[in-house]
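**Q** Protein chains in written order, with the numbering used here: chain A, 1 to 213; chain B, 1001 to 1656; chain C, 2001 to 2305; chain D, 3001 to 3477.
Think of the hints as simulated: they come from the structure by calculation, not from any bench.
Heads up, the beta-carbon is just placed ideally off N, CA and C, and yes, glycines get one too.
Careful: at least some of the hints might be erroneous.
BS3-like mimics (lysine-lysine), calculated; alpha carbons at most 30 Å apart, straight line [claimed, not checked]: (1) Lys1496/B / Lys1519/B; (2) Lys1542/B / Lys1519/B; (3) Lys1371/B / Lys2050/C; (4) Lys1536/B / Lys1519/B; (5) Lys2046/C / Lys2033/C; (6) Lys1371/B / Lys1583/B; (7) Lys3193/D / Lys3054/D; (8) Lys2033/C / Lys2050/C; (9) Lys1099/B / Lys1371/B; (10) Lys2050/C / Lys2024/C; (11) Lys1099/B / Lys3427/D; (12) Lys1371/B / Lys1496/B; (13) Lys2026/C / Lys1542/B; (14) Lys1537/B / Lys2050/C; (15) Lys1600/B / Lys1583/B; (16) Lys2024/C / Lys2046/C; (17) Lys1537/B / Lys1519/B; (18) Lys1617/B / Lys1583/B; (19) Lys2026/C / Lys2050/C; (20) Lys2046/C / Lys1542/B; (21) Lys2046/C / Lys2026/C; (22) Lys3427/D / Lys1617/B; (23) Lys2046/C / Lys1537/B; (24) Lys3193/D / Lys48/A; (25) Lys2046/C / Lys1536/B; (26) Lys1371/B / Lys1536/B; (27) Lys1536/B / Lys2050/C.
Here are a few chain D residues that face chain B, going by a calculated C-beta distance under 10 Å [stated by the list, open to error]: (28) Ile3057; (29) Tyr3262; (30) Ile3381; (31) Leu3387; (32) Ala3399; (33) Ile3411; (34) Val3421.
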Amino acid sequence: MTNLLNTILVTILVMNLFALGTSRILAVTRVVAAQGVLLGFIPLLVHKSLVMPVLLMAAAAISIKAILIPSIIVRALRDAQIKHEVKPLIGFLPSIILGAIATAFALLFAGQLPLAGNHYDTLLVPTAIATVLVGFIQLVTRYKAISQVIGYLILENGIFIFSMLLVEAMPLIVEMGVMLDLFVGIFVTCIIINHINQAFSSMDTRELVSLKE
Amino acid sequence: MILAAIAVLGFSGLPVFLFSLRSAMGQRLAAVCMVLGSVIGLAGIAASFYEAVVPTLCLPWFLPWGQFVITIDIISVLFLVPVFIIPVFGSIYGLRYWKQSEHLENGRRLVFFYGALAGSMALVVVARDAVLFLIAWEIMAIAAYFAATAEDDNPDVCRAGWVYLIATHIGTLCLIAMFALWLHATGSFALNSAQGISAGAAGTIFVLSLIGFGFKAGIMPLHVWLPGAHANAPSHVSAVMSAVMLKMGVYGLIRMTALLPVTAAWWGCVVLIAGAITGVAGIAFAISQNDIKRMLAYSSIENIGIIMIGLGLALLGRSQNQPEWILLGLGGSLLHVWNHSLFKSLLFFNAGAIIHASHTRNIDQMGGLAKQMPWSMALFVVGAVAICALPPLNGFASEWLIYSGLFHTLGLGDGPGFPVAAIAAVPLAIIGALAVACFVKIFGTVFLGTARCEPVNDAHDPSASMIVPMAAMAMGCVCIGLFPMIAASWLDSAVKLWVSLPEQTVSLTTVVRLGWITKMNLAFIVLVAIIAFALKKLVRTKVISEAGTWDCGYAQPVTRIQYTGSSFGQILVNLFAFILWPKIHFPAIRGLFPRVAHFKIIVPDTVLDRLVLPLFKTAGRNLPWLRVLQQGQTHLYVLYILVILIILLICGTIGV
Amino acid sequence: MTDTIIHIFLLLTLPPLLLGVINKTKALFAGRKGPPVLQLYYDIIKLMRKGMVLSRTTTWVFIAGPVVTLAAVVLAGMLIPIGQFDAPIAFAGDLIFFAYLFGLARFFTTAAALDTGSSFEGMGAAREVTFACLSEPALFFALLVLAKISGSLKLTTMLHSSTSAFSVAMAAPLVLVSIGLFIVLLTETCRIPVDDPNTHLELTMIHEVMVLDHSGPLFGIILYSAAMKLFVLGTVLLHIITPFQMNRMWLNWPLFIVEILGLAIVIGVVESVMARLRMRHIPYLLVSALLFCGFSFILLMRYYK
Amino acid sequence: MAYVMIFFPLVMAAIAAAVPSNRLRPWLLPVTAVVHFATTVFVLIRPDLMVTAKWLILDPPGRIVLLVVSTLFLFCSFYTVGYLQYRMERSNRVFCACLLGFLGIMSIVVWSHHLGLMWVAIEATTLCTAPLIYFNRTQHSIEATWKYLMVGSVGIALALLGTFFLAYASLQAGLESTLVFEDVLQDAALLSKPWLHAAFILLLVGYGTKMGLAPMHTWKPEVYGEVPGVVGAIFAGGVTSCAFLAIMRIYQICLAAGEYAYISRMLLFMGLFSMAVAGLFMVSQRDFKRMLAYSSIEHMGILVLGLGIGGPALFGTMLHIVTNGMTKGVLFLSAGNIHRAYGSKSTEIVCGAMRRLPLSGSLFLAGFLAITGSPPFGPFISEFAILNGAFSDGRFVTAGLFLLLLLVVFIGMGATVLKVVQGRAPKQVQNTPYRDGLLTAAPVVIFMGIVLLLGLYIPAPLSGMLNDAVRFLEGRP
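Hey, can you work out the whole structure from these sequences and the hints?
**A** Quick look at the structure:
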């Protein structure tokens, strides 16, 4: 069980780095969707028994993270006809290196943390921290609004992974992580419904600087 | 009886509700209210004398701390008297000076805040609870701000008001800190004697109060707001601000020092030095100005300096246990508080009349108003002689007390001395001489000689409602000048309230003989009368012819060659250049037929214009550089969040 | 009582004589015969009989100037002791009254000068008030020294005890004070090297230029009060520099007259051997007077410590 | 009762979304607000109604926030009616519905005694308020909305992570894992310290973003500059108070866990830093609405500072929630009026508001004096109380910095406010039809009245509530 879980988590870590390293937004979206699928399986692995809430959670996570939001993003991308993050704040290679450093830091740091008994074996904590950090890196270094949304999705995937620690004790609380997704879904949808998607998805946040001091 | 006084406060703030018309009716009603309020207040004061105990009113109050406590003791009374008298005359004066029909936009606002100013000052003086005091204090400060910036469409007025607002706010913050410390030290906000607190706490409270009240009173480096605000306010507001509001700072300082245990000599020394610097620098700046109201404002600073010298002497006396010093120092400074409010309001009223007549504040463009405004001129002479502390008027009486006190610190006879303090008599003498120079300059340039610019044909004495307040103030100057002992018993009991003197037998009347002042002044007046009478007899039969002023052979004198105020003060300005830092524009004149040249000398306020404003300007120029942090880029904003998160986590871990 | 009458008599009659003596001394130094010693009496009497010319620009202030000045000087004269005799009026703190009477006189003199609207008179007034700003502090330092030595705030006691307390320890302060006071005296009475009473160049004068427009009785009053001022200040100075007294009390009167005339001669000598300072150098002289008196005060404090 | 407060506004929001008339729809706001306010008052005077379920309890700090939000909303709703009359050209369907929904969700925040539920509610407020920011539909308002959502959601994500950490802290300590506030509080002393510390920091940063503490404040100036005045008032008085309530919860847990020393340093730092940033950015600020945003940041700093000083300053802090909320009402609403009258928010154009709008101009000025802590207004009392707390705690340096920063803020703010209020309007100002009317001016006057009243007289029930809150926070019975 633990081995399978750790395999999935390592895959997620690799996906993080891949997301940092590619300029094609569509590809990044797909990576995030794939992450969503993997995340959906984790509760099933972590929780000893397959009870209803856990199944529900897995279903919700997969449907929102892996299907709903990526499809919205893909639609937005199609409407706006953009494909690439042209020139991020720092290059793609430096982003990967930064991401790798963050991951290594997370692995080291998680070793220091006091964990509950059975959590020492899994890579849940380091993966969660690494994913949050990668999400931040993506958020900070990308200019396209859509890339930033994707960065945000990665960030919350990290939070979701952390919530897996609690899945046994408080199954319901993990639903909150799903709520966060819902939240992003709603706000992106709202933006599209309001017919400003053209403006929004092609939006380069470098142009969103008219409000400043 | 105190209820009467409270009623006054209500009344004096009330006038604005009584009128809404554009007619003069509202303003008149307001003035009537002021008179009424003042009469009730004075009656309350009089009645308070007949009560055996000090009248106190204590009401519970629904704030987290503090009570509504007011007490009218003799120190309060001494400050209440000007509060009840000066603003009333000012409001009568304002009826003509600031006619509602001529100032539609700001007339009502001015009247309202004027009343509020008077009322809040009365409340400041009677409040015995820190919170109540602060509230009254700030209402006073803000009311004064609005009253002074009545003409807010004039950028100069706005700028002066802004400087005032900042200064008063810094002062208030100091006071807030002081009272917080007071609470910390004494455990209560009640302003009761706190003789038991530690010397360190007392010293800190004292310094904070010196700064906090110093801003209001205008002690020298803290005076920055004063000239501008007084110059740009309507004249009756300037009069009230200068004559009464500045004294609230003095009051605060006297009140706080009364409550604190005074043991260290440095308190007195600090106040003494501050007073000496304030006095000399204040009057030196006054001489260097050309704006009549700025001159008067700086002269107010000078007088605050004199009052501070007296107070410093009294503090020193307390630390050294010398009743004479205390009596003379505090008595002199309290008497000077009265005196200054009398002659300074007289002079400001007068300045208002002058400005009305000549339509300028620059004295170098005036001249020869004496013929057109004989009454104003006569009253101005009274005010000027009084403010120069010359006998036989009231300024002399108070300075005489302070001088006597300073001479006492020499340690006359076998008494112990603190001779360093006596040196303060020398700055006081310089102040006296400079004051003469300053007021001769104003008086001579404004009233005497002939008009320097186009003569103002319609200049004339103002109407009775403006003359009467001035005359009343002048009467006050003469009365106190001739009979200072009428105030002696009040001063005496005030001093004894301020500090419990070891020997109750000592009193102001036993330390000095104020009667001699009366005698000498009367003798002087009689002497003048005799000489004048004799002269009149002498020349009665003689030919008195009129001619032009002798032109020293200069064939075609024009009025512009008269000595101006600037030229009059120039030698002194050069002499005091080390304080004043004048900006002199002095073109070199070469050749036989030099071209037209202009000499210009401007004396900006050293502290404000050379230190504070440049500092603010630099800050205003450089601080916007910080704005690069807010460049509108969302990803940077997210980065900030990450950074602070990491910082906090690291700090939390390593336990900084 | 008799002493008071003599005091008043001397105060009212003697002053013009001093100026006569000064002028005679200066004339002798210049090798001239000079005007009679009583010349100023003649002048004043003559002026009193004349009419007046008033400038059209003037007001009552113009007349008040001389009148107030005379009154102030007379009153100041009543406050100082002459010779070994007490002053007619003495009370604690009269020294301040004494100093401020001169301030009052100055106020009205300068105001009267400005009243004419003449720029020359304005110039004189400006100088007068300016130099007073330096001489007053010197005077007060001197008063502090005297008050400390005597332990009293009465001019009478102060001046007398400086005579009696003339010990070696006090010598240095008193010498310094007397130099300072002498300079103050020369300034206040407008003598060389501060001012030249005999010059006729308006630009360079102080006191004389202020009174250019006064004529007739008013000018007489001015001359008279100027002389009296010299007399009063001279008397103060004499108390410090000539600590002599006679065995017989009444003999002190003639002694004083001799002393004051002697002082007049000294002033005459000073005026003869010195030139008037340039206007811009006068402040230095006055500051030095201030420093003399200030140092004297510091010395005294060291002594008492 | 909680259900009434929560669901009634939500139902009204649904109705608002259904009502077709642009003119009638705004009137739903006052109706709802009055009902909500009445319920609030009813609940406050009947303490037995304060518990609805285990998750929905109205505790003393909650009462204060509820009172502030409800009062603020009540008068703002009337103002909104007046405001929307000037904006008839635009559909206010979404605007009204979101405002109403927002009221309901804020009630959840206040009532919830479950940290998870509270987080959900706060997240929902973000969603609800975004359309309010977007009301003007200009390029600028898109930008503001975007920034608000982006920065705000990062904050919310961190808050979620913090909530997880907190849950894990109990799990790791071997306790029964729970997020029900009472239970956490009870076991606070046993919680795993490192996780608790980390949870505190994450929650502070997360909810601090919502509150607008520096340096997470960056969305605030941009948003407050673009929103209608009334939304600004609700943001600055309501949303921030709710977020502060969340911070008070974690504060209380840490206090119960005996971690006061650890958290107070951070709170003091964040508080002073926020005040400093606000003060420095206010200097030569030309946009008076952005300036108000910085003032809001400053006051959030003061609140957090008060918490950090703790003990004796808590009373002042609680009071400051009230006074700040009310004063912000004055400032934003009057600034909204001035903005409407001049059609600009730059001080280069907006001058002489006292002449153009005597009432709003004076109120703006009075509001400025009040918010900078001048007696006799409410904020003075609360700031003074905080200062006294600092002194009696012996924190003289903090107190000194506090005063210094108050001064900087006063100077920075005053320069802008006086430029707006004084002088004469330049000629080129376009003549807008706006005049002070009953609906747009009366609420401001009422707020000002409350602020003045609080400076002179604190009603006994209110001070009782404040004292209860202090006792509750300190964990005393």
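**Q** Now look at each hint and say whether the structure bears it out.
**A** Hints versus structure:
Between Lys1496/B and Lys1519/B the CA atoms are separated by roughly 27 Å; this keeps the pair inside 30 Å, and the hint holds. A threshold of 30 Å between alpha carbons decides the hint, and for Lys1542/B with Lys1519/B the separation of about 35 Å lies outside it, so the pair is violated. As the CA atoms of Lys1371/B and Lys2050/C are separated by approximately 27 Å, the hinted pair is consistent with the 30 Å bound. In summary, the hint linking Lys1536/B to Lys1519/B is supported, as the alpha carbons are separated by about 25 Å, within the 30 Å threshold.
Taking the CA atoms of Lys2046/C and Lys2033/C, the gap is near 22 Å; set against the 30 Å cutoff, the hint holds. Between Lys1371/B and Lys1583/B, the direct Cα distance comes to roughly 35 Å. Violation of the 30 Å bound is thereby established for this hinted pair. Of the pairs offered as hints, the one joining Lys3193/D and Lys3054/D holds, with about 26 Å between alpha carbons and a cut-off of 30 Å not exceeded. Taking the CA atoms of Lys2033/C and Lys2050/C, the gap is near 28 Å; set against the 30 Å cutoff, the hint holds.
For the given pair, Lys1099/B sits about 26 Å from Lys1371/B by alpha-carbon distance, which is consistent with the 30 Å threshold. For the hint pairing Lys2050/C with Lys2024/C, the CA-to-CA distance comes to about 26 Å; that is within 30 Å, so the pair holds. Restraint check: the Cα-Cα separation between Lys1099/B and Lys3427/D comes to about 28 Å, which is no more than 30 Å; the hinted pair holds. For the hint pairing Lys1371/B with Lys1496/B, the CA-to-CA distance comes to about 49 Å; that exceeds 30 Å, so the pair is violated.
The suggested pairing of Lys2026/C with Lys1542/B is violated, with an alpha-carbon distance near 35 Å, which exceeds 30 Å. Using a Cα cut-off of 30 Å, the hinted pair Lys1537/B and Lys2050/C holds, with the two alpha carbons roughly 13 Å apart. Restraint check: the Cα-Cα separation between Lys1600/B and Lys1583/B comes to about 8 Å, which is no more than 30 Å; the hinted pair holds. Under the criterion of a C-alpha separation no larger than 30 Å, the hint pairing Lys2024/C with Lys2046/C is consistent with the structure, at around 20 Å.
A distance of roughly 27 Å separates the Cα atoms of Lys1537/B and Lys1519/B; the hinted pair therefore holds under the 30 Å criterion. Taken as a hint, the Lys1617/B and Lys1583/B pair is honoured in the structure, with Cα atoms around 20 Å apart against an allowance of 30 Å. This hinted pair checks out: Lys2026/C and Lys2050/C have alpha carbons roughly 29 Å apart, not beyond 30 Å. Note on Lys2046/C and Lys1542/B: the hinted pairing holds, with a Cα-Cα distance of about 13 Å set against a maximum of 30 Å.
Proximity of Lys2046/C to Lys2026/C is assessed by CA-CA distance (about 24 Å); at most 30 Å being required, the pair is judged to hold. Straight-line distance between C-alpha atoms of Lys3427/D and Lys1617/B comes to about 28 Å, which keeps the hinted pair within the 30 Å bound. Between Lys2046/C and Lys1537/B the CA atoms are separated by roughly 16 Å; this keeps the pair inside 30 Å, and the hint holds. Note on Lys3193/D and Lys48/A: the hinted pairing holds, with a Cα-Cα distance of about 28 Å set against a maximum of 30 Å.
Annotation: proposed proximity of Lys2046/C to Lys1536/B holds, straight-line Cα distance about 17 Å (limit 30 Å). Of the pairs offered as hints, the one joining Lys1371/B and Lys1536/B holds, with about 22 Å between alpha carbons and a cut-off of 30 Å not exceeded. Annotation: proposed proximity of Lys1536/B to Lys2050/C holds, straight-line Cα distance about 13 Å (limit 30 Å). Interface hint status for Ile3057/D: violated, as the beta-carbon distance to the closest one in chain B is roughly 27 Å, over 10 Å.
A least Cβ separation of about 7 Å between Tyr3262/D and chain B falls short of the 10 Å threshold, and the interface hint therefore holds. Annotation: Ile3381/D was flagged as interfacial toward chain B, and the flag holds, the nearest CB pair being 6 Å apart, inside 10 Å. The beta carbon of Leu3387/D is positioned within 10 Å of a beta carbon in chain B (closest approach about 5 Å), and the interface hint is therefore held. The beta carbon of Ala3399/D is positioned within 10 Å of a beta carbon in chain B (closest approach about 7 Å), and the interface hint is therefore held.
The criterion of a C-beta within 10 Å of any C-beta in chain B is met by Ile3411/D, whose closest approach is roughly 6 Å, and the hint holds. A least Cβ separation of about 8 Å between Val3421/D and chain B falls short of the 10 Å threshold, and the interface hint therefore holds.
The structure fails hints 2, 6, 12, 13 and 28 (numbered hints given earlier, in ascending order).
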